[in-house]
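**Student:** Chains as they are written, first to last, in the numbering used here: chain A, 1309 to 1452; chain B, 41 to 213; chain C, 50 to 397.
Just so you know, these hints were derived from the structure itself, not from any lab. Just so we're clear, the structure is a prediction, and the values are computed from it rather than from any experiment. Glycine included, C-beta positions come from ideal geometry on N, C-alpha and C. Treat each hint with caution, since some may be false.
Claimed, not checked - In silico DSSO-like cross-links for lysine-lysine, where the CA-CA straight-line distance does not exceed 30 angstroms:
1. A:K1320 - B:K207
2. B:K208 - A:K1327
3. C:K375 - C:K305
4. B:K208 - B:K141
As the list claims (entries may be wrong) - Each pair of labels, with its calculated beta carbon distance range:
5. C:F394 - A:Q1381: 33 to 39 angstroms
6. A:V1343 - C:D141: 55 to 61 angstroms
7. C:E360 - B:L113: 56 to 62 angstroms
8. A:G1366 - C:L201: 34 to 40 angstroms
9. A:Y1422 - C:A396: 28 to 34 angstroms
10. A:V1394 - C:S256: 35 to 41 angstroms
11. C:K158 - A:L1405: 40 to 46 angstroms
12. C:Q127 - A:R1433: 24 to 30 angstroms
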Amino acid sequence: MSFKMKVNSVVKQAQAIFKPWDALVYGMVIVIMVVGFANVRILMGNGRERLAIIEMDGEIIDTIYLEQNKIAQEIRIDAGDGKYNVILVGYDYIEILESNCPDQVCVGWGRIRYTGQTIVCLPFRIVVRIVGRTEQAPVDDITW
Amino acid sequence: MTMRSKMSPKKLIVLAIIISTALVIHYFESFIPVPAPGAKLGLANIMLLITLVLYSPYEAVLVLVVRSVLGSLMAGNPWSVIYSLSGGFLSLIVMVILYYKFGKHISLAGVSTLGAAFHNIGQLIAASIVFGTFGIFYTYLPALMLFSLFTGTFTGIAAHFSVRNLKKIIGSL
Amino acid sequence: MLKQATRFIFVLVTVLMLAGCTAQPEKSYTKDLFALNTFISLRAYGAKAQQAIEIAIDRIHEIEKRMSITIEDSDVAQINTNSGIKPVEVHDDTFYVIKTALYYSELTKGKFDITIYPIARLWGIGTENARVPDIIDIQHKLPLVNYRNVLLDEKEMTVFLANKGMGIDLGGIAKGYAADEVVRILNESGIEHAIINMGGSITTLGSRPDGNLWRIGVRNPRVQNGDLEHMAIIESKGTSILSAGDYERYILDVYKETGRRYHHIFDPFTGFPAKTGVTATTVVSRSAIEADALSTAMFVMGVEKGLDMIEGIEGVEGLVITDDKKVFLSKGLVERIEFTDPSFFLAP
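Build the full structure now, drawing on both the sequences and the hints.
**Tutor:** Printed below as a string of structure tokens:
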């Protein structure tokens, strides 16, 4: 048989098997698939996506995807009254580089990289925290 | 529920063959790599579907339960019963509804596809509960849905042709 | 026929779903807040986690209301205002914390002393007024620092600071008390696994939910770019681990100019930040309040006397890091610690 005829006979066979509402079924499965996909992107990030949140007084004032920074970037946070923090964001870490807060605990903190870790600037009530998925940290928490 | 008197010997034999075929399919399909933990292609759904068509939901449940229990005993892992049954039951309920209520409008391929989809959904739910995080559910859902589109259609078509022939064979026994 | 089958399927599915519900692994609930003049993070596991943590947070606020030095009508503020004037009646938990503080002052021979407050205020470290005060001012305030002049009356539940101008700051020790209280509350609520970070001191309840011990990092006091933030890991199950060091709260300007760190851990005998060659201390204890008092005392006492003291106390282990990055361990800690930064070397 020629190619065209083969295609035709396949189509005819398919027509014999499939029925009208099959389209609904396939549509439903595709919808579920898309919903699942969308959820993964939004809720969880893409597998190992590092997302950092900066909070002041409990309110989120900035969110940053770490992995997008091939070169480390500086972000300046103003806490009002001339108070500021400069945050350094790299591709897998975030840290407070500089601040004019009185105790400098946040500046000496070092870098955080794993989900759940936080840097706190007590005097300015600023919290930098990593959410989103990262690998397991080697420790559950660190003293300070 | 009343105790049914044991079924006719013919039925018993046919069901036994169906169950063993399902077990064999199950065994071989476990060698095919799947993108999710504990999930299966659901090719064994063919047998479930055939049972549904040839007999009734009651027999299908029987096949499902016996196949799942024997399958996990054979595999040596009692926990896989939970995965099999959770997926299997969800899938069966869906297929029963589709086939009996909408059988005129949906082909076996469609029934089987949705059945396969829900089989996987059931397994993901079981895995999420066991592992304690719902991340598992969303992570594998899309890939498994895509899979079930294909396996379901394939199974359905296979069932479609098998049933026609089987009806003739069984009828003449 | 279909009806029967459907009913049958329904019953079976319900049974199976219920069976599945019994295999519930532990979910966690985390909450953090600013309180007690610091940042607190609480994480508990289990079905009652959220409930238990909420009760714990209420208790933290209650402790803060009673023991904070900055809240006007707290027990502590009233005690300080009435120094040299009259005894002040306080709540029993405040009384307990002060009594415990005095006990540790006795134990550490005065190296830990909550009456250091007038000196601490003079230096203003951690505030915008941080500066090196005149030695004359220090000499002037030094006599006010003496834990023996804190007079307790157990019957009346009163605290009296004998001399005018005296002041107490429950600061760290109140945090330790709060941590112990949180653990008590979580425990009473049936929680079996929890980790609490109370302003940098870490207290654990039980083990991790997967059965392994909690892994707690000891902060590297001199973190440089690219270093790991922790120089060692200590495993913990139901213990408190607290570090005290000169790497936080020091006078920044002076440090930038001269490289000298005037930090916030004062020697009650000199009125100056303790200068014993110690950079940081860490204490592991079953009680957070003890860990706080001892880590501060160890810092002031220096390596030898500090470790001797630790060795003499049951159930407590300690670690001292000196300026030259040497690490000294108490005997019991040697087996339980894992070093992660080779630039710190273990002294014999």
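**Student:** The structure should be examined with respect to each hint, and the outcome stated for every one.
**Tutor:** Hints, one by one, checked against the model:
1. A:K1320 - B:K207: This hinted pair holds, its Cα atoms lying about 23 angstroms apart.
2. B:K208 - A:K1327: Since the Cα atoms of B:K208 and A:K1327 sit roughly 23 angstroms apart, the hinted pair holds (cutoff 30 angstroms).
3. C:K375 - C:K305: holds, 24 angstroms
4. B:K208 - B:K141: holds, 25 angstroms
5. C:F394 - A:Q1381: 33 to 39 angstroms: Because 36 angstroms falls inside the window, the suggested range holds.
6. A:V1343 - C:D141: 55 to 61 angstroms: holds, 56 angstroms
7. C:E360 - B:L113: 56 to 62 angstroms: holds, 58 angstroms
8. A:G1366 - C:L201: 34 to 40 angstroms: Taking Cβ atoms as reference, A:G1366 and C:L201 lie about 38 angstroms apart, which means the hint holds.
9. A:Y1422 - C:A396: 28 to 34 angstroms: holds, 31 angstroms
10. A:V1394 - C:S256: 35 to 41 angstroms: holds, 39 angstroms
11. C:K158 - A:L1405: 40 to 46 angstroms: holds, 42 angstroms
12. C:Q127 - A:R1433: 24 to 30 angstroms: holds, 27 angstroms
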